[in-house]
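Protein chains in written order, with the numbering used here: chain A, 1 to 371; chain B, 1 to 371; chain C, 1 to 371; chain D, 1 to 371.
Hints were generated in silico from the structure; no laboratory data involved. Wrong hints could be hidden among the right ones.
Given that identical chains are not distinguished, each listed pair holds provided it fits within a single copy or across any two copies.
Unchecked claim - Subject to a maximum C-alpha distance of 20 Å in a straight line, what follows is the list of computed EDC-like cross-link-like pairs (lysine to aspartate or glutamate):
#1 7 to 254
#2 7 to 72
#3 192 to 320
#4 310 to 266
#5 92 to 72
#6 87 to 146
#7 87 to 147
#8 325 to 145
#9 87 to 175
#10 310 to 95
#11 7 to 320
There are 4 protein chains.
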Amino acid sequence: MPSSWGKIFRVSTFGESHGDSVGVVIDGVPGGLQFNLTEIQKDLTRRRPGQNLLTTPRKEDDEVRVVSGIFEGRTIGSPITLIVDNKNHLSKDYENLRHIYRPSHADYTYHAKYGHRSHVGGARASVRETIGRVAAGAFARCILEEELGIQTIAWVDSIGDVFANITDNLPKSHEEVDANDVRCPHPEFAEKMIEKIKEVRKIGDSIGGTIRAVVRNVPPGLGDPVYDKLDGDLGRAILSIPACKGFEIGSGFEGTKYTGSTHNDEFYLEAETGRIRTRTNRSGGMQGGISNGEEILIRAAFKPTATIAKFQNTVNDTPEDVQMKAGGRHDPCVLPRAVPIVEAAINLVLVDAYFYQRALQPEWLATWKRK
Amino acid sequence: MPSSWGKIFRVSTFGESHGDSVGVVIDGVPGGLQFNLTEIQKDLTRRRPGQNLLTTPRKEDDEVRVVSGIFEGRTIGSPITLIVDNKNHLSKDYENLRHIYRPSHADYTYHAKYGHRSHVGGARASVRETIGRVAAGAFARCILEEELGIQTIAWVDSIGDVFANITDNLPKSHEEVDANDVRCPHPEFAEKMIEKIKEVRKIGDSIGGTIRAVVRNVPPGLGDPVYDKLDGDLGRAILSIPACKGFEIGSGFEGTKYTGSTHNDEFYLEAETGRIRTRTNRSGGMQGGISNGEEILIRAAFKPTATIAKFQNTVNDTPEDVQMKAGGRHDPCVLPRAVPIVEAAINLVLVDAYFYQRALQPEWLATWKRK
Amino acid sequence: MPSSWGKIFRVSTFGESHGDSVGVVIDGVPGGLQFNLTEIQKDLTRRRPGQNLLTTPRKEDDEVRVVSGIFEGRTIGSPITLIVDNKNHLSKDYENLRHIYRPSHADYTYHAKYGHRSHVGGARASVRETIGRVAAGAFARCILEEELGIQTIAWVDSIGDVFANITDNLPKSHEEVDANDVRCPHPEFAEKMIEKIKEVRKIGDSIGGTIRAVVRNVPPGLGDPVYDKLDGDLGRAILSIPACKGFEIGSGFEGTKYTGSTHNDEFYLEAETGRIRTRTNRSGGMQGGISNGEEILIRAAFKPTATIAKFQNTVNDTPEDVQMKAGGRHDPCVLPRAVPIVEAAINLVLVDAYFYQRALQPEWLATWKRK
Amino acid sequence: MPSSWGKIFRVSTFGESHGDSVGVVIDGVPGGLQFNLTEIQKDLTRRRPGQNLLTTPRKEDDEVRVVSGIFEGRTIGSPITLIVDNKNHLSKDYENLRHIYRPSHADYTYHAKYGHRSHVGGARASVRETIGRVAAGAFARCILEEELGIQTIAWVDSIGDVFANITDNLPKSHEEVDANDVRCPHPEFAEKMIEKIKEVRKIGDSIGGTIRAVVRNVPPGLGDPVYDKLDGDLGRAILSIPACKGFEIGSGFEGTKYTGSTHNDEFYLEAETGRIRTRTNRSGGMQGGISNGEEILIRAAFKPTATIAKFQNTVNDTPEDVQMKAGGRHDPCVLPRAVPIVEAAINLVLVDAYFYQRALQPEWLATWKRK
């Protein structure tokens, strides 16, 4: 179960929901960097369950601790290990699921693949695995902010059929996004989304939605233009988040309806800065898999949570047809908590592309590194 | 410019449109396999330009030759190298583009990244790079067909605003898809798509579209469920095809409007076979990043070709604002030729997942290998 | 600081001597395997300091705990994380070394490389890092023993100028090796080696030595014959153990004096078994980087421990010339404790080669897997 | 058959002696570098067979051509592909070996591993494979010379029992080494070595030997100190050269006889330069797997060529016991031709370590890059 990511800034997560803890090892870390645990805890807190009524009532504080890689507040080049203990896992709650394959969960596929599985809380397929990604992503965020001034902001753009569809006046801060429980920066639509989630929760059901993200201040030149295209790597990183079923960069599926003459992003010389810019941004901030200096624009689709409090038909591992109804405490909608996970995925891809680029083209770094 | 792919069945492409040839090295190849060059040539011929009036009039026969890895018709475990010579490259045709960054092409981003670029025919960003992927993908296809009975079929599902939207009666053979020039297996919509392409070609413009693909007979258990999820790897592979801007697995963006109770795929026991099946397939053939034995269902978005025969504003490398109009011979629509490239991407991901799975779970192989 | 190893069975260690714990994440683990923690603890106990008077008086019990990857005694395919806490680290003991580069230690090079370092107990360069390798290696050993019947035995072959030079009647069990404190299976030479170590310890000095290893029952066909040759991978694994300065396979340096006619290993057909064997084994169990079924024979050189209780000239990080004398508790000779580390390195290389081979050649597995 | 090397500067070779050509793809190449084909040809010419009477009489000019990655004399970031055609392969010469496993060759192990093999000229196990490494190594050499002033020189240090044992007055140029046919810079010993080779050649036999190498001007800080130690990576690279059976760094096996007080390299401050130096260099230029700025000192053992013109006992693939005598034209001693291969291996390891270091620690680059 390869659980690693990145060519240079290499992230490996470990841990299951049934075990004692989950965590991450980050390798390929420069020495001498300030390490700010508060920043990492901040992102984990945005991700944690039990934040408000829209998410699962499971309360987990997800407190992170540093196991290796830091000395007197700074990195020493060693692998950084961060661990969050599992405090709230009630294995007995899952005993009735020991032999059952829950619909649209990974129970059956894990069993088919590995021959032996844990039935407790999703085990490795639990969204708790993303704790490691978010912790590592927060560290990546600090590096990108500090060295290049990059800012990554994601938000909930739709819940069910409520589409805010925010393509102008994109949010400028995480505070703007976090101003309401659903993490949609458009207050009116946020209200409707919250209604929609409460509605499905009341009947024991769940609902899907979409997330958009913008990344600002990415210098031109990040991304490797054949298989490791920036869009391909971003797509893979986001599609590897549980429940993600779709990914778009720039104009995405809508752009397929255009002609070349209406879709192309014409270049122009920005008078004030002397920089090469595009007037439109249907490319979503990259061409040929390499960033072009414009905002990176991403959209991702998340299916409704598979766990619902309703009777469903399924099979067990005998195998025989059975009926089941999930107990437990689950999110009626993963979207609000997925926002920091999407940001982490983006920042992990970008920091790795950045390190790779400065390996090959150090003179590039001199041009683009933040003064 | 990392140009390699795969954990075990490892594919590395090389070559630019301005050079003498393009090619691929395939490593991680079992010894003793029959090597059928005709099958590889078949896929390359489906990809080649100049096939019909819908594609570029450049005629390239794209004849492949074997440089290494084969002895007396079978593999010997060595890297297999396949090369296609560039016969039709007219570097002089591009002299007027030496200093110009074409809109929505990779000229500017390559220059920003590497400091030195070739202006001839897109160089490494040319779709000719995909020859290597298609050649390797054809070999992957043969292994998957032979050993697991897997069948991968892609088709053009929309051109511009003409949507065939084929979700039932999916095509059963490549012949069905290739029955018309646009590679849409629905004859009526194919007709409309062909009209649309001729229309934009007439005015020197281009048009985008979408491709769908189905993969049949994938055994449960392929894919690695954290970062190397099967959907993530398929997404990355397809998003790394030039001009691709979006990717969906199963219900994709549409699925975000559903509730859990209407989206979940209930399991049942198939009486005749004793196999565990799902009644619906909104998951698109995988759960938790692992194949579940149902058809894999994919959709991908391709933007309109950036090269158009119209005046456009842009900048040169001085830099200064300039106007340009492309000469040369180009595809008004890449979709028909992208069909075999999408199939190659899928087959490359699957063969690698298959080899990885049999490394870890050899008893799985005994169950699922085709008798 | 890349800290990972292996193409499929992938081992990543983390932790420094100054931190709370050291550990290892093992990825690429098959599901469904019995996981025997006792076997892992056994190897860690062979490696731990304070075993007897020949090693450091620091007492560390090196008790291992499982953090992830195991459910009800068997693997589930997830990354296995194993952690050993650092109980006996006295950071204050090292305060006088904060600014000093100890001769032939990694203090200066770490500082030159990363710009910031920990001066406590060698930090990441401490031999404590090898705990993770030994833990993972023990798990690899169990897989190799169970599935292929492979047996890996290392022993101390020389200390200083006392050479046992055991090339016949190689030890048949770990018990035979562990029969004395220096881990040399020749009792007479063992006695002399022990004397030698006591002698240097008395004067606050240290001493080097060599280790030999034999691996039995390796089936023909392991190892990848270009850059990932089995000898190359074994060499790298062993040379990456702290203090290792030399590596030989088979006839090694001595073999360079031979002619082809006296060095070649002639093949013959073993009458009883029908197996292809060699009469001599100067190749050391492999040809062209691939195992040939004969015993793998390895020799490795370890320099004397750099830490000694004598005044030495060196520089500090001002930098200026200074004198220093190490306090602390250290091994006068690392060889006895290096024996299980060498075995772990070998087993990690072999299990990865084994998994890779069964990925590519599953029919090979059918032939060679232990009945 | 993984045939790739390096984390960033990634080298993949392909081709067999029986095929049309051998070659190499180099990926992870910066854009904008001057590409000097003459320098590459120079190293290939040092490696080629038929140079003088000490090597095989097969004449191969090994002329290299560039297939991709270069535009108008400079790199463009794309994979660089270099190919040398096989002009002198006489497959018929090998027909009598079709079913025979030659002693101490890789015939049997390839067959055992892959199930199907080529019997022609060693196929992939032929030393012709190293053409790709030498070509890529020459490019690495140019980068290291140009950017860091690094100089790598190897020489033949012994042939059979004739040991020059050059540890002082190490050669200062390739010309010094190439002054005689055996590539030993000590004229007197060179004479004896040449005699020894002529002697074994006369009786159809072969002979082994050792190579030493020195690398100058390596800045402190290269190498990754856990599994990717500089000594481990150099060891693996050199042990993966055909016929290599042993590797030492610094004091090697001899150093095991020392005590810590006589082996440690004391640091001192070099008055003229302000640099931190060591008075002795038993460490061989690295500590903890990281370069320390002193000369890197390497020694490698090469067994006698397995091909000899004498009758030998062996088995065929029936299998049954047979006798054989090699025809063909072979090196009585590989050492002189191995000199440039060893240098290539070293330079490939160093350039990759250099690129990795500048990815992580760009400020390091500013300090150490040659003015």
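Each hint, compared with the structure:
no.	hint	result
1	7 to 254	neither (32 Å within a copy, 34 Å between copies)
2	7 to 72	neither (27 Å within a copy, 30 Å between copies)
3	192 to 320	neither (42 Å within a copy, 48 Å between copies)
4	310 to 266	between (52 Å within a copy, 12 Å between copies)
5	92 to 72	between (42 Å within a copy, 14 Å between copies)
6	87 to 146	neither (34 Å within a copy, 36 Å between copies)
7	87 to 147	neither (36 Å within a copy, 38 Å between copies)
8	325 to 145	neither (46 Å within a copy, 39 Å between copies)
9	87 to 175	neither (28 Å within a copy, 43 Å between copies)
10	310 to 95	within (18 Å within a copy, 63 Å between copies)
11	7 to 320	neither (45 Å within a copy, 36 Å between copies)
The structure fails hints 1, 2, 3, 6, 7, 8, 9 and 11 (numbered hints given earlier, in ascending order).
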